[in-house]
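Q: Model the full assembly from the supplied sequences, consistent with the hints where possible.
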Amino acid sequence: MPNLKYYLITTADERTWKFDRPVLFLGEWCCLYNRKHIWQNMDAIIAEPYGLGQKQKDLDYLETRALEKKLFPFLCDALNKYHGTDHQLRFWQIVIGHWFRRYINVIFNRVKTLEQCEKLYKLSGTTTFDIDYYNLAPLDSNAAILAFNDDSWNNELYVRILDLLGNTSCPIEKIATNEGSGFKWNLPTKRITTKQKIKRWIYWNLDFITGLLLKERDALIISSFLPKKDAFKLHLSLKQVPQVFFPSQIKQIKTPNQELRNTLSNQLSLKVKNNTHHNIFSSLIFELLPVCYLEGFSDLLSNVQKLRWPKNPKFIFTSNNFDTDEIFKLWTAQKVEAGVKYFVGQHGNNYGTHRYINPSIEELTPDKFLTWGWTDHLPQHTPTFIFKKYKKNSKLFNPLGGLLLIEDMLYHRMDTWDTAFEFEACFKEHKKFVENLETKIRDDLTIRVHHSQKLLRSFALSRWHDYDSNLNIDDGKNSINDLISKSRLVIQGYDSTGILETLSKNIPTLAFWDNDLEHLRDSALPYYQLLIEAGIVHLSSDSVVLKVNEVWDDIDQWWGSKEIQEARNTFCERYARVSQDRIQDIKKALH
Numbered sequence: 000m001p002n003l004k005y006y007l008i009t010t011a012d013e014r015t016w017k018f019d020r021p022v023l024f025l026g027e028w029c030c031l032y033n034r035k036h037i038w039q040n041m042d043a044i045i046a047e048p049y050g051l052g053q054k055q056k057d058l059d060y061l062e063t064r065a066l067e068k069k070l071f072p073f074l075c076d077a078l079n080k081y082h083g084t085d086h087q088l089r090f091w092q093i094v095i096g097h098w099f100r101r102y103i104n105v106i107f108n109r110v111k112t113l114e115q116c117e118k119l120y121k122l123s124g125t126t127t128f129d130i131d132y133y134n135l136a137p138l139d140s141n142a143a144i145l146a147f148n149d150d151s152w153n154n155e156l157y158v159r160i161l162d163l164l165g166n167t168s169c170p171i172e173k174i175a176t177n178e179g180s181g182f183k184w185n186l187p188t189k190r191i192t193t194k195q196k197i198k199r200w201i202y203w204n205l206d207f208i209t210g211l212l213l214k215e216r217d218a219l220i221i222s223s224f225l226p227k228k229d230a231f232k233l234h235l236s237l238k239q240v241p242q243v244f245f246p247s248q249i250k251q252i253k254t255p256n257q258e259l260r261n262t263l264s265n266q267l268s269l270k271v272k273n274n275t276h277h278n279i280f281s282s283l284i285f286e287l288l289p290v291c292y293l294e295g296f297s298d299l300l301s302n303v304q305k306l307r308w309p310k311n312p313k314f315i316f317t318s319n320n321f322d323t324d325e326i327f328k329l330w331t332a333q334k335v336e337a338g339v340k341y342f343v344g345q346h347g348n349n350y351g352t353h354r355y356i357n358p359s360i361e362e363l364t365p366d367k368f369l370t371w372g373w374t375d376h377l378p379q380h381t382p383t384f385i386f387k388k389y390k391k392n393s394k395l396f397n398p399l400g401g402l403l404l405i406e407d408m409l410y411h412r413m414d415t416w417d418t419a420f421e422f423e424a425c426f427k428e429h430k431k432f433v434e435n436l437e438t439k440i441r442d443d444l445t446i447r448v449h450h451s452q453k454l455l456r457s458f459a460l461s462r463w464h465d466y467d468s469n470l471n472i473d474d475g476k477n478s479i480n481d482l483i484s485k486s487r488l489v490i491q492g493y494d495s496t497g498i499l500e501t502l503s504k505n506i507p508t509l510a511f512w513d514n515d516l517e518h519l520r521d522s523a524l525p526y527y528q529l530l531i532e533a534g535i536v537h538l539s540s541d542s543v544v545l546k547v548n549e550v551w552d553d554i555d556q557w558w559g560s561k562e563i564q565e566a567r568n569t570f571c572e573r574y575a576r577v578s579q580d581r582i583q584d585i586k587k588a589l590h
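Quick note on numbering that gives the first Met the number 0: the sequence shown kicks off at 0 and runs consecutively.
Please note that a few of the clues may not be correct.
[To be verified] Pair by pair, the computed Cβ-Cβ distance ranges are:
#1 D580 / G338: 23 to 33 Å
#2 R520 / K476: 29 to 39 Å
#3 Q248 / T176: 39 to 49 Å
#4 D513 / D375: 17 to 27 Å
#5 G210 / K586: 16 to 26 Å
#6 S168 / N469: 49 to 59 Å
#7 K394 / H590: 32 to 42 Å
#8 S461 / T176: 21 to 31 Å
#9 D375 / N2: 48 to 58 Å
#10 D580 / G401: 27 to 37 Å
#11 N477 / E62: 38 to 48 Å
[Claimed, not checked] EDC-like mimics (lysine to aspartate or glutamate), calculated; alpha carbons at most 16 Å apart, straight line:
#12 K228 / D580
#13 K561 / E532
#14 K427 / D521
#15 K427 / E62
#16 K439 / E336
#17 K387 / E172
#18 K238 / E215
#19 K430 / D442
#20 K173 / D131
#21 K430 / D541
#22 K111 / E62
#23 K17 / D229
#24 K387 / E572
#25 K310 / E294
#26 K118 / E47
#27 K387 / D580
#28 K427 / D366
#29 K121 / E215
#30 K173 / D162
#31 K54 / D555
#32 K388 / E532
#33 K35 / E62
#34 K17 / E47
#35 K587 / E336
#36 K485 / D473
#37 K340 / D366
#38 K431 / D541
#39 K310 / E215
To be clear, the hints were calculated from the coordinates, so they are not data collected in a lab.
Ideal Cβ placement from N, Cα and C applies to all residues, glycine included.
A: Shown next, in the form of structure tokens:
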């Protein structure tokens, strides 16, 4: 029906839906599982997903990184001019680099998705809310991540982009709303339980007491990802009192100043003739820039100045706070400009392997990036070991236990491609895996849904229970190590940190996913190929279920075979190396 027109639905907010005509859902994210009884009865189709396949992802990766490289210096110059500063690019990359890369990816994805939609379908219109002006600016980079998944925020962004694209045949209808004029950048404080209050009180007092013993030259070690015992030993080996830092928070909150943002946007002067894409990115930078980097920057500086941290630390080391901890990032950027060494540790998988995290901001900004064993053509790369540790006498797995399937999460929509579509495809493969298990094995199966966002976890539980109410589903709240200790075989349902952890602990492990090896950088392919040839990694549910059925009755013999152990050892030496002297190894790297 080539002349059929569809009404465009961009989000899961049903107030913007039409039920009296053919509609086009822009993506899987519009169709929430708990609203299936609504959308499955509509005259609706879901638009083709954008950006899938290695060839397209490669092209988009190159384009987004080129845009980032070109636009970032202009943003830094504008911020320096507004704040009356003269900070170098590295300073701003530490402070806003993660947000800016996500900004580039998100705008690219939204623009390309809309363009593909208009190319493939005839549109009769779309709906947004009748608000005088909707502020897209979140409070900080963490709130920005939430915004990228927020229905109202995305609805407004799509409309803004349609307007900037121009020449669109998609008229925009506005409907009344009682909502405020922007994203909830001043997020409501969650109700704090008595247990949490007690924990905060203990941490605050420990922070205060240890802060009294802090020396000006002590190294700042925060959220190292090392086990607490190792972190304690590291402090002592450096002859300093172990620190307990109370989580830092922005205490002052400012409102986005739209007049200021319009002025700065006009001053950016990045308009390029006949380059619509470039102009969209330039036009929206100050629309989306978090408040803490602009209107609230002076308050952020004030918070930093009140910190009781070392004035001239030997070095700074973190494995987690480099991304969304605004106070830590600004303090660190200042110290780095003053000549203090800055070290970042790896805190999960994908580093050194993922094709489109190559390199990450946290690999580029420190003096050293401490990997779990690998190097990949960057001077910052410093091989160490997998930071995760287990007790020597603890029960790692049970040779007579059950089967554990560990599921992936639905990621925030911050990539150039349609991650919601990929998640749906992954879930279908997991169902297929369960269907084909031998009955006796299926009866011993536990499915661990990801412990991510509460709402998404609830959807995952509902989907599995609707599929088979007899399945044993773990809701993601229990200790993963406890679940593994009761299992004879762990199935990693995606390329995860869990693979590195179980393989490094020599726990019987299988892994499978359905996108071949397209997500891997070329340097990682030989190591994953070893795991495929050994039968540890599989590229379909059909393949992995055959292996489970084959080895189930004698896990020890299979897992202890020479082929398995050689492949495991080679892979782990590269990506999850085990250290025999962890404290000395980490001290050696931190210099």
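Q: Next step is simple, just say for each hint if it's right about the structure.
A: Consistency of the hints with the structure:
A hinted range of 23 to 33 Å for the beta carbons of D580 and G338 is consistent with their spacing of about 30 Å. In this structure, R520 and K476 meet the distance hint of 29 to 39 Å, their C-beta atoms being roughly 34 Å apart. Checking the proposed 39 to 49 Å range against Q248 and T176 shows it is violated: the Cβ atoms sit about 30 Å from each other. A hinted range of 17 to 27 Å holds for the C-beta pair D513 and D375, which are about 26 Å apart.
The hinted window of 16 to 26 Å between G210 and K586 holds, with their beta carbons roughly 23 Å apart. Separation of S168 from N469 is about 51 Å and conforms to the stated range, judged on CB atoms against 49 to 59 Å. About 37 Å separates the C-beta atoms of K394 and H590, a value consistent with the hinted range of 32 to 42 Å. Checked against the hint of 21 to 31 Å, the C-beta distance between S461 and T176 comes to roughly 29 Å, which is consistent with it.
For the hinted restraint 48 to 58 Å between D375 and N2, the CB-CB distance of approximately 52 Å keeps it satisfied. Evaluation of the 27 to 37 Å hint for D580 and G401 yields a pass: the beta carbon distance comes to about 36 Å. The hinted window of 38 to 48 Å between N477 and E62 holds, with their beta carbons roughly 43 Å apart. For the hint linking K228 to D580, the alpha-carbon distance of about 14 Å falls within 16 Å, and the restraint holds.
Taking the CA atoms of K561 and E532, the gap is about 13 Å. The hint holds against a cut of 16 Å. For the hint linking K427 to D521, the alpha-carbon distance of about 28 Å lies beyond 16 Å, and the restraint is violated. With a CA separation close to 31 Å, the supplied pair K427 and E62 exceeds the 16 Å bound. At most 16 Å may separate the alpha-carbon atoms for a hinted pair to count; K439 and E336 exceed this at roughly 62 Å.
Between K387 and E172 the alpha-carbon distance is near 53 Å, which puts this suggested pair outside the 16 Å criterion. Pair hint K238 plus E215 holds up; C-alpha atoms about 13 Å apart against a cutoff of 16 Å. About 15 Å separates the Cα atoms of K430 and D442, which keeps this hinted pair within 16 Å; it holds. Pair hint K173 plus D131 holds up; C-alpha atoms about 11 Å apart against a cutoff of 16 Å.
Using a Cα cut-off of 16 Å, the hinted pair K430 and D541 holds, with the two alpha carbons roughly 11 Å apart. Between the alpha carbons of K111 and E62 the distance comes to roughly 12 Å, so the proposed pair stays at or under 16 Å and holds. Among the hinted pairs, K17 with D229 is inconsistent with the structure: their alpha-carbon atoms are about 57 Å apart, more than 16 Å. Restraint check: the Cα-Cα separation between K387 and E572 comes to about 15 Å, which is no more than 16 Å; the hinted pair holds.
This hinted pair does not check out: K310 and E294 have alpha carbons roughly 27 Å apart, beyond 16 Å. Distance restraint check for K118 and E47: the Cα-Cα separation of roughly 11 Å lies within the 16 Å cut-off, and the hinted pair is therefore satisfied. Our distance criterion of 16 Å between C-alpha atoms is met by K387 and D580, whose separation comes to about 14 Å. For the hint pairing K427 with D366, the CA-to-CA distance comes to about 43 Å; that exceeds 16 Å, so the pair is violated.
For the suggested pair K121 and E215, the alpha carbons sit about 65 Å apart, so the restraint of at most 16 Å is broken. For the hint pairing K173 with D162, the CA-to-CA distance comes to about 14 Å; that is within 16 Å, so the pair holds. Between the alpha carbons of K54 and D555 the distance comes to roughly 41 Å, so the proposed pair goes past 16 Å and is violated. The straight-line distance between the Cα atoms of K388 and E532 is roughly 28 Å, outside the 16 Å bound, and the hint therefore fails.
Simply put, K35 and E62 have alpha-carbon atoms about 37 Å apart, too far for the 16 Å limit, and the pair is violated. For the given pair, K17 sits about 20 Å from E47 by alpha-carbon distance, which is inconsistent with the 16 Å threshold. A C-alpha spacing of about 24 Å is found between K587 and E336, which places the hinted pair above 16 Å, so the restraint is violated. Taking the CA atoms of K485 and D473, the gap is near 13 Å; set against the 16 Å cutoff, the hint holds.
As the CA atoms of K340 and D366 are separated by approximately 6 Å, the hinted pair is consistent with the 16 Å bound. This hinted pair checks out: K431 and D541 have alpha carbons roughly 8 Å apart, not beyond 16 Å. Distance restraint check for K310 and E215: the Cα-Cα separation of roughly 5 Å lies within the 16 Å cut-off, and the hinted pair is therefore satisfied.
Against the hints set out earlier in the document, violations occur for numbers 3, 14, 15, 16, 17, 23, 25, 28, 29, 31, 32, 33, 34 and 35.
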